[in-house]
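Asks: Now for the letters of each chain:
Protein chains: 2
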Amino acid sequence: MTATTTAKARLNICVTCRASSTAASQNSNTPPAPAAERDGKVLYDALSHEMATRADPVAFEIVPVECLSNCKSGCSVALSAAGKWGYVYGNLSINDHSADILKLAEAYANSDDGIIPWRERPETVRRNVIARIPPIGN
Amino acid sequence: MTATTTAKARLNICVTCRASSTAASQNSNTPPAPAAERDGKVLYDALSHEMATRADPVAFEIVPVECLSNCKSGCSVALSAAGKWGYVYGNLSINDHSADILKLAEAYANSDDGIIPWRERPETVRRNVIARIPPIGN
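Read top to bottom, the protein sequences are chains A and B.
Numbering-wise, the first sequence is residues 40 to 177 according to the working numbering.
Numbering-wise, the second sequence is residues 40 to 177 according to the working numbering.
No incorrect hints appear here.
Below, in silico cross-link-like pairs of lysine-lysine (DSS-like), each with a Cα-Cα straight-line distance of 27 angstroms or less:
| id | chain 1 | residue 1 | chain 2 | residue 2 |
| --- | --- | --- | --- | --- |
| 1 | A | K111 | B | K111 |
| 2 | B | K47 | A | K47 |
| 3 | A | K111 | A | K80 |
| 4 | A | K142 | A | K47 |
| 5 | B | K80 | B | K142 |
| 6 | B | K47 | B | K80 |
Not everything, but these chain A residues come out facing chain B in the computed CB check (under 7 angstroms):
| id | residue |
| --- | --- |
| 7 | V104 |
| 8 | A117 |
| 9 | A170 |
| 10 | I175 |
No wet-lab data here; the hints were simulated from the structure.
We put the CB at the ideal spot given by N, CA and C, even for glycine.
Hey, can you work out the whole structure from these sequences and the hints?
Replies: In structure tokens, the structure reads:
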């Protein structure tokens, strides 16, 4: 399938997220990490670096955002593009999901409507959908 | 605040949802309700009926959608509009939230960017945000 719009799809990465695994291991006496060390910021930096090293053109762009209102299930990313369903994915970690987040974004960018068939979703992130929003203007 | 776009905002209501309260009370031997009796469909019908009886013009439209991928926390609705943050709300029930869902959608439609200040959100639905997605094209 090919995208029907010319604007690039976006992989929005929450840079204020803490990973849910990190949050679960912290007790209430642990001070929150400063913004520069937030798990979401680390994830954003790592994926941006990975994208910058690619020789081939990429069908999507990475955008840092502050809070996707999915704080209990971070790290969080949102896939969006004009005319497509928007998706929020959660419970992501840099160690387990980095490579598959980029594969997912590529599949999303190349889809017609934002809906990636189950079997075409990278396996490690298949079950990480938090919610989706219909395209605007349909 | 006034909306900066001319297109109406949308209150998308998942008509395939079961209420999380209903799901929790069902055991595995209970057959699923047919689509016509789904909690989300009942919510959609009720809110559509309420909207149809209003004399004043309304700043948003109600749209039925199939699945917002928030099945564990239904009923679910999504607020969307061109140029605004999109929001998914969950754990909604027809008895507890119907009136405030419409107030929320009105506030959303009248906002500039889709972000409704905490104090201006109807109280019963304040804590029901599941996730949000940045506006496209910013």
